[in-house]
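Participant: Now for the letters of each chain:
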Amino acid sequence: MERVIDSTPVESGGRTEPTPKGSRQRQRRLPLIGGVRLGLRGKRYLFIYGCLLLPLLFFAAVRLLPILYSFNVSFREWAILSPDKPFVGFANFASLFQDEVFLGSLRNTAVYVIVGVPGQIVAGLAVALLLQRITVLRTFFRTVYFIPYITSVVAVSWVFRWILMKNGVANGILLELGLDPQPFLYSPSQSIFWIIAAMIWQSIGFQMLVFLAGLENIPRLYYDAASIDGAGSWSRFRHVTIPLLNPVILFSVVIASIGFLQSFTQVLNMTGGGPLNSTNSIVLYIYNTAFKSFEMGRASAATVILFVIILAFTVLQLKVLDRKVEY
Amino acid sequence: MKKRPILAIAAAALAFTLALTACGNGNNKPNEKADSGNKEKASNTQTAEPPKLDPNAKVTIEYWQYEFPAKVELINELITQFQQEHPNITVKQTNFPYDQYNQKVATLVPAGKGPDVINLYYGWLPKYVASGYLQPLPEADFPAAEIEANFFPFVETAKLNGGYYALPTGVRTLGLFYNKDLFVKAGLDPNKPPATWEELVTYTKKLTELDDKGQFVVEGFGWEPGSQLHHWFRDGLLYQAGAQDTSEDRKKLLWNETPAGLEAFKYLIDFAKEHKVGINGFYTDDANAFKTGHAAINVDGSYRLSSIKKDVPDLNYGIAPLPSYKNKSTQASFWANAIPSNVKGDKLAAAVEFLKFLTSKGVQEQWVEKIGELPAQKEVALQDKYINDEKLGPFIAQLPDGRAHFFIDETQERTLFVEAVDQVLLKDVPIEKAFEDLITKTQKLYDDYWAKK
Amino acid sequence: MSKTVSAGDVTGNSLGAAGTKGSVKRRSAAVSAISYLLLTAGLAVMVFPFIWMIATSLKTPQEMYSLSLIPQLPAWDNYKALFTGSPFGTWIINSFIVAVIATASVCLFDTMIGYILAKFHFHGKKTIYLFILSTLMVPTEMLIIPWFLYSSKLGWVDTYWGILFPGLITAFGIFLMRQFMESVPSDLLDAARIDGMSEWGILFKIAFPLVRSAIATLCILTFLGSWNSFIWPLIITQTEGRFTIPVGMAFFSSEAKDSSNWIQIMAGATVSVLPLLLVFVVFQKQIIRGIATTGLK
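Going down the list, the protein sequences come from chains A, B and C.
So in UniProt numbering, spot 196 of the first sequence is number 196, and the numbers just go up one at a time.
So in UniProt numbering, spot 45 of the second sequence is number 45, and the numbers just go up one at a time.
So in UniProt numbering, spot 237 of the third sequence is number 237, and the numbers just go up one at a time.
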């Protein structure tokens, strides 16, 4: 009996992927298993696939098929109101690249990523580093910095919109200080940065936590060694903290980039994409095209483009940041 | 080391998607089938004569309108009245937020969850009719000749492809709201509102109050392109200056046929750009700035009367007809009730009954008293009790000058207008150029619409 | 924000030059003093929007635009008006229903799949895991249109099921639970097998309890995610009676609702934020651990 259990496909280490050795072992023992034992194995496989069947069907239906469907729709003129959905080849893509608003949303999304990602990482890392240097009230600060992350994005967007209104409290404070009031969300040059600020404000807590965990994982030993070598705190930060934190930074950059590439909720609720489309993002464009104009074909084509961008971005970032850690 | 699996995942995902793209086209057949089914259904929907309602049958119909508290309340009362007269008909009201109204309708109607009577902004009608959502009102119950004799002429915008598709209960015109207290404060006669273009400019300049930083304390004119300015421009200013909105067949914009169009556009923008008597976003928007006493004059619709009454009952304000120039003209608009194309049989008969009730004189009187929207039938509107009303009077007096311009797509046309104004204001684009661009872009909407006909 | 950072770095740098023991102490005191200063300044930025939100929600229309932080007389009626004048109560209930069902489903399925993927060998395991993880790479936006088109064909538009179905099982949760399940000692499972326990029994009576704190983390994160999710509920819900709180909030500004009613908007924002604060205060440890774990693995 005991041997049978030994030979079951249950992994004992549990940490790594199955080694070729393990699987060979299993194969070798397979003929030894008699009728009763096979029943046991069969039961186990039944259990495994029984558990996985529903979830796999789910992923196929809710994730895989829709992608296929999306590609299909993107090659059609798919007005929800019209009964015909003719195949139009790449016409949707072509028309997107002639659409000023779409190109603008691509540019704006680039701004969201280029300004937002570093801003968010630097802010989160800064708070984490500062928190590391204090002892009293540390949990309190950590809690407060984290709270915005768990609050509703929609609610927070409205609060920011209210604060940044023409007659809002932000301008009130500026006037009190004797400064000029600002148009904030009413200015095509400023508004995108205020949206980014709101996004960063909300995600500092997340980045901070991730970095705190990462910092705590760096063995003190390295710092001590660096100190003995006479490294100042900047050089310790530069040569110990940053390289050892690299995997965490990589994670943060990927998460943040995907987040900013998908900017939507804040944009919709703070400016609706305006003024003059200066804050319009790809996702908002998709939303408007699909669910306001009901041009599903064009909207799907835009999602395909977004998908390709996100994919390329992720692969690129993983490669670039991966290389850095090696030297 | 740890990152390797992630990289592998990324690569796998890439390969995976490439594989998907390759077979992405194999998926077409089933959809086409389903679609042709839809098509068949759509072409069947234009039924002509409604069957008469069997008096013993119980029917439930659904009424949809947008979420406007006063209207929702009144409709509920009206439904009670209607059900007393028609005990075999039950009416259920459903409401949607204004912003999302079109979206909701467009998604729910094809899904078969549609209403039996639907309240639509007149500017949306062409799109709805073109999409095959609506059926023409049965000629037997709503003869076109009778409608044209009884209703104000601009209701004719609901006549498409030669038939009426919708009828309003109430209509609205734009008027000039002015704050009497602020008039007194600025040394102006509170009983003499501006009557001409020129006067409006001088008055608003006098009424504007700035602080030492040059910021508005009170704007002379509630200037909000996203609110009513687009309508004011197209049905008010354009005609007042001597221009026209569209050609007779509604195919071509005539804004720049004569210099008058540009003059009207410039007049509108100059309140913010040249005279600096108002700006968008001041105290959220024009209506709110006016309500809170931060805008002295505002161009707004009669429907605002009820909300002012409710929110700021003490506001000391007056109403005047829109200032005129070479001609008189105001924008008229309305929400109209229509019957979707898939309503048939008993439901259609019940819907017709309800629609008759909603457009009846008695209901129109209740409507103007509770909502502030003016009766759509001349006979009801032109009663002394309304003409002599201090607040309603000026709106009603303008009804004969009322115009309701044709829209291809209300939202898009308004967006284009707001963008053109923003170009001038925020990007210093010359007014002439912004105006030309606006016409080109709007005309394109029209061309696309008519090309599909 | 970048200003704060450079200031912090410069401080660290210049102070780092000092050498003797006494100066080290002084230096670290100075460092922590400056850290406190900067953190407190940041704290004000983090907290102010909430304070302003609550302050506005308690003001009367007359003082809505005033700069005072404390309302003259807290107008608690604003909250009453929120619940009587808008379907806010319904939205809360909807959000709650959706979040609870999603959380239950995710915790059950994700933990189960995580367990299977961590503790068993079988054909196609690696493929299955990669397949599930690769779905994380697909942006939700790309799926929304097909989901919506399916839903309208299947009559799921404007139903709870319609809001729920895409989030019943999450790849992220599977990833998370697989990490935790790997730490469950296989010996323990084997011992149970020797005792003749069924696989289901092992799953529910041994594996689940062993990772219960991880499940708690997953539950909380799922609940928060569902409570705050916006784009999909925005599209799939159609009538006010089906809205979740974020969707309802987004509609506060429509013409009819009177966009100037910032008091009501802020009262709504406060109400939509409060349950989360409660959840957070109670489960802070689990949340923080969950996030730290995802970042490190």
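By construction, these hints were calculated from the structure, which means they are not laboratory data.
None of the values given here were measured: they were computed from a predicted structure.
A couple of the hints might just be wrong.
Said to hold, decoys possible - Lysine-lysine pairs mimicking BS3-like chemistry, simulated, CA-CA at most 27 Å apart:
#1 A:Lys-292 - B:Lys-113
#2 B:Lys-58 - B:Lys-192
#3 B:Lys-92 - C:Lys-285
#4 C:Lys-153 - B:Lys-347
#5 B:Lys-58 - B:Lys-344
Participant: Now look at each hint and say whether the structure bears it out.
Facilitator: Against the structure, the hints come out as follows:
1. A:Lys-292 - B:Lys-113: holds, 19 Å
2. B:Lys-58 - B:Lys-192: violated, 57 Å
3. B:Lys-92 - C:Lys-285: Not satisfied, since the Cα-Cα distance of roughly 49 Å exceeds 27 Å.
4. C:Lys-153 - B:Lys-347: holds, 24 Å
5. B:Lys-58 - B:Lys-344: holds, 15 Å
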